[in-house]
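Visitor: Each chain is listed here by its residues.
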Amino acid sequence: MTPTPDLPADVQQVIGKLQYEEEGDFPVEQGYFWTSAASVENANPIFWDDAVADEITTGPIAPLSLLSAWFRPHHWAPGRAVEKLPLQIHFDLKARFELPEAIMTENVTTFHEPIRPGDMITSAQRLVSVSEEQTRRLGTGRFWVIDVEYRNQRGELCGVERWTGFGYRRIDPPKDTP
Amino acid sequence: MITLEQVKVGDALPALTYDVTSTTVVLGALATRDWRPMHHDYHFAVERQGVQDIFLNSPNQGAWLERFLTDWTGPKGRLGRLQFKMRKPIFPGDTMVIEGLVRDVSVDKTGCGWAELELTIRVSDVTCTESEAKVAIPTSPDDNPWQRHGERWNP
Numbered sequence: 001m002t003p004t005p006d007l008p009a010d011v012q013q014v015i016g017k018l019q020y021e022e023e024g025d026f027p028v029e030q031g032y033f034w035t036s037a038a039s040v041e042n043a044n045p046i047f048w049d050d051a052v053a054d055e056i057t058t059g060p061i062a063p064l065s066l067l068s069a070w071f072r073p074h075h076w077a078p079g080r081a082v083e084k085l086p087l088q089i090h091f092d093l094k095a096r097f098e099l100p101e102a103i104m105t106e107n108v109t110t111f112h113e114p115i116r117p118g119d120m121i122t123s124a125q126r127l128v129s130v131s132e133e134q135t136r137r138l139g140t141g142r143f144w145v146i147d148v149e150y151r152n153q154r155g156e157l158c159g160v161e162r163w164t165g166f167g168y169r170r171i172d173p174p175k176d177t178p
Numbered sequence: 001m002i003t004l005e006q007v008k009v010g011d012a013l014p015a016l017t018y019d020v021t022s023t024t025v026v027l028g029a030l031a032t033r034d035w036r037p038m039h040h041d042y043h044f045a046v047e048r049q050g051v052q053d054i055f056l057n058s059p060n061q062g063a064w065l066e067r068f069l070t071d072w073t074g075p076k077g078r079l080g081r082l083q084f085k086m087r088k089p090i091f092p093g094d095t096m097v098i099e100g101l102v103r104d105v106s107v108d109k110t111g112c113g114w115a116e117l118e119l120t121i122r123v124s125d126v127t128c129t130e131s132e133a134k135v136a137i138p139t140s141p142d143d144n145p146w147q148r149h150g151e152r153w154n155p
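Line order of the protein sequences matches chains A and B.
Counted the way our numbering counts, the first sequence spans residues 1 to 178.
Counted the way our numbering counts, the second sequence spans residues 1 to 155.
Source of the hints: derived by calculation from the structure; they are not laboratory data.
Quick reminder that beta carbons are idealized off the backbone N, C-alpha and C, glycines included.
A couple of the hints might just be wrong.
[To be verified] Below, simulated BS3-like cross-link-like pairs (lysine-lysine); rule was C-alpha separation at most 30 Å, straight line:
hint, chain 1, residue 1, chain 2, residue 2
1, B, Lys134, B, Lys109
2, A, Lys94, A, Lys17
3, A, Lys17, A, Lys84
4, B, Lys134, B, Lys85
5, B, Lys8, B, Lys109
6, A, Lys94, B, Lys85
7, B, Lys8, A, Lys94
8, B, Lys8, A, Lys17
9, B, Lys88, A, Lys94
10, B, Lys134, A, Lys84
11, A, Lys84, A, Lys94
12, B, Lys8, B, Lys134
13, B, Lys85, B, Lys8
14, B, Lys134, B, Lys88
15, A, Lys84, B, Lys8
[To be verified] Derived contacts from chain B toward chain A, CB cut-off under 8 Å, selection only:
hint, residue
16, Ala31
17, Gln49
18, Pro59
19, Asn60
20, Arg67
21, Leu79
22, Leu82
23, Asp143
24, Asn144
25, Arg148
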């Protein structure tokens, strides 16, 4: 990959390196399968009917699109002074480039072993690229691409998410901002 | 439940139309453990993010697309890859329409049947999300893509 010309050395240095390998806060819960399916009115019987799940998927599995949920930290936990953030590299880049706002613009997920109740999912993040500064409708900032790999307690790959984010400064400050 | 021989390039999937509410947005965010305020806090979304309202989060859009695909394939359909780009946010009050078109049908070297699809989520005439998906579909009534692991699963 061609390095981005104006990229600081400390950012260039972490591109391609696996970072923030960590286990999820809790074992995978089937309750989330139902909440997720209900949120989109998904009647797929593998989430609702144990007999169908046994026959087709050898038991209950999580909706595949829940992949990233298993590593999103609790919003609060006892003794935690600083909010623990999901996709930490994304927030590292916002801070590093002093870009107060950010959105995710693209996601590509490849699904492998299904996730099942009781699984402990480990995630690890990898910065793939950071663009030069550019101005878009939302503001001026940079695009970045981050991979997140998910593995179960047996080390089996459950999925890989590739996120593209855009961190930016708004061109027109909000009216109510001091 | 469909099998691969029933799928042809150019097939259109049955459209899914849904009226998005604030509950849709908040429920989707909480279901995916996404606590970021632009998915539940109107003032944050408007004043900090500069958008008109709270909006559907990425993983929940993935859940809508997953549902749309398996409504079509039946439960043996197994999603292998899902890509999407969010062009415009989807807000409460929007009627979103999810549509899909089969772009390719193939069988890989392990015998797994695949359909590749182009999907969109639009509101009125505006495409809010563009997506591509690769879904494993049984090659016969006895085939089950969920039984594939390791080298026999190449999404």
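Visitor: Look at each hint and say if it fits the structure.
Guide: Status of the hints after comparison with the structure:
1. Lys134/B - Lys109/B: It holds: about 16 Å lies between the C-alpha atoms, which stays within 30 Å.
2. Lys94/A - Lys17/A: holds, 18 Å
3. Lys17/A - Lys84/A: Holds, at about 21 Å.
4. Lys134/B - Lys85/B: holds, 15 Å
5. Lys8/B - Lys109/B: At roughly 20 Å apart (the allowed maximum being 30 Å), Lys109/B and Lys8/B satisfy the hint.
6. Lys94/A - Lys85/B: Holds: Lys94/A and Lys85/B sit about 20 Å apart, inside 30 Å.
7. Lys8/B - Lys94/A: violated, 45 Å
8. Lys8/B - Lys17/A: violated, 42 Å
9. Lys88/B - Lys94/A: The hint holds at about 21 Å.
10. Lys134/B - Lys84/A: violated, 33 Å
11. Lys84/A - Lys94/A: holds, 15 Å
12. Lys8/B - Lys134/B: Satisfied, since the Cα-Cα distance of roughly 14 Å is no more than 30 Å.
13. Lys85/B - Lys8/B: Holds, at roughly 25 Å.
14. Lys134/B - Lys88/B: At roughly 23 Å apart (the allowed maximum being 30 Å), Lys88/B and Lys134/B satisfy the hint.
15. Lys84/A - Lys8/B: violated, 47 Å
16. Ala31: Ala31/B check passes; min Cβ-Cβ to chain A is 4 Å, inside 8 Å.
17. Gln49: This interface hint holds because 7 Å falls under the 8 Å limit.
18. Pro59: Since chain A brings a Cβ to about 5 Å from Pro59/B, closer than 8 Å, the hint holds.
19. Asn60: Status holds, d = 6 Å.
20. Arg67: holds, 4 Å
21. Leu79: Because about 5 Å separates Leu79/B from the closest Cβ in chain A, which is inside the 8 Å limit, the hint holds.
22. Leu82: Holds. Min distance 5 Å.
23. Asp143: violated, 11 Å
24. Asn144: holds, 6 Å
25. Arg148: Result: violated, 10 Å to nearest chain A Cβ.
The structure fails to meet hints 7, 8, 10, 15, 23 and 25 from the earlier list, while all remaining hints are met.
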